[in-house]
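> Here is how the chains run, residue by residue.
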Amino acid sequence: MRQATHEFNIPTRGRGLYEFTHEATAWLSRNHFRDGLLTLHVRHTSASLLIQENADPDVRRDLEAFFSRLVPEGDPLYVHTLEGDDDMPAHVRTALTTVNLSIPVYKGRLVLGTWQGIYVWEHRRAPHSRRVAMHFIGE
Amino acid sequence: MRQATHEFNIPTRGRGLYEFTHEATAWLSRNHFRDGLLTLHVRHTSASLLIQENADPDVRRDLEAFFSRLVPEGDPLYVHTLEGDDDMPAHVRTALTTVNLSIPVYKGRLVLGTWQGIYVWEHRRAPHSRRVAMHFIGE
Amino acid sequence: MRQATHEFNIPTRGRGLYEFTHEATAWLSRNHFRDGLLTLHVRHTSASLLIQENADPDVRRDLEAFFSRLVPEGDPLYVHTLEGDDDMPAHVRTALTTVNLSIPVYKGRLVLGTWQGIYVWEHRRAPHSRRVAMHFIGE
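Protein chains in written order, with the numbering used here: chain A, 278 to 416; chain B, 278 to 416; chain C, 278 to 416.
None of these hints come from the bench; they were simulated from the model.
Heads up, incomplete: computed chain A residues facing chain B, CB under 10 Å, no partners named: (1) Gly-313; (2) Asp-335; (3) Pro-381; (4) Leu-387.
Glycine is no exception: its CB is placed at the ideal position from the N, C-alpha and C atoms.
Please model the complete structure; the sequences and the hints are all you need to start from.
Shown next as structure tokens:
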């Protein structure tokens, strides 16, 4: 049994979903990890991780549209507004999704479904560099 | 320290919560796993995993009612509509919940609370067979 | 490779976010755990776990305000009302967030971002004692 930790950056161009399934699987193969558990953790409070459909891009567009309407900017409810109209909605959207994921690895592959891709969901309007920590334990 | 991976199918009869706590604990006891970590991952983008109350069935009925209202079918917001009115809401509901769970195992039992059960939440109207991958690491 | 499980109680004074990052890191250092994976699981169906900003307390206030409005008490939608007006909203809020988290540990520290704190989110109005199970595997 062995383990390893790695961190990498996902550059974003503002709000939206950025797939990084390839970065995760490339790290697994570089290290010849075959069976075990991969855990991903995004080290921010205004971006989250999501496993969603990687086939039709309209699905991501609609997910974004739904969350933008559910958590509108400029909501008079908020007190924390100094960091911009998109900041508090970004925290709420992060709370509604998640910042870590754990996916089994079997025979060298993540056990993702046919249509599942792994995404960083950037919730701020401005481009950011998002740090994702990866941990593997297994063989 | 040892580990194992297993996959099984949960047949659903359309939208709703399907408990499979027993399938998970049965696999643990069959393998005599006593202490460690169990990770569950549903390999779909329109069904999710949920830990919720397994006592009063009205709780599940009300959870379903809340999510159906929050994410209505036939919403003019959506562009991705070819796979049916219930498809895009299923993706949104999956994003609002989660596709993987990790639960410690202690002395042969999942450390679930008294009222916690593990469910597949089917978000499509039609019956499906949902694949859930399980991974255990420990002793 | 070694592992350990521990359980502790977080007393709450009713609805709101209660940080326990310190309790988690203190347990890691007491046991001299340096590298591995920490998993947290709250054993309830009306309280959840959240990683969110621990700098400006207004962020927590606004998160609470958003969720209170999104999931109002006394909603005529609910059938499960015998345990109080805040009970069913507590189940819904738990479903919208999560009950378990897995965070890599690297060189004796959780790989949390600068502003990330770990919270129990109490969703009931009355004070409770919430049980959180912790599991570590690594070295």
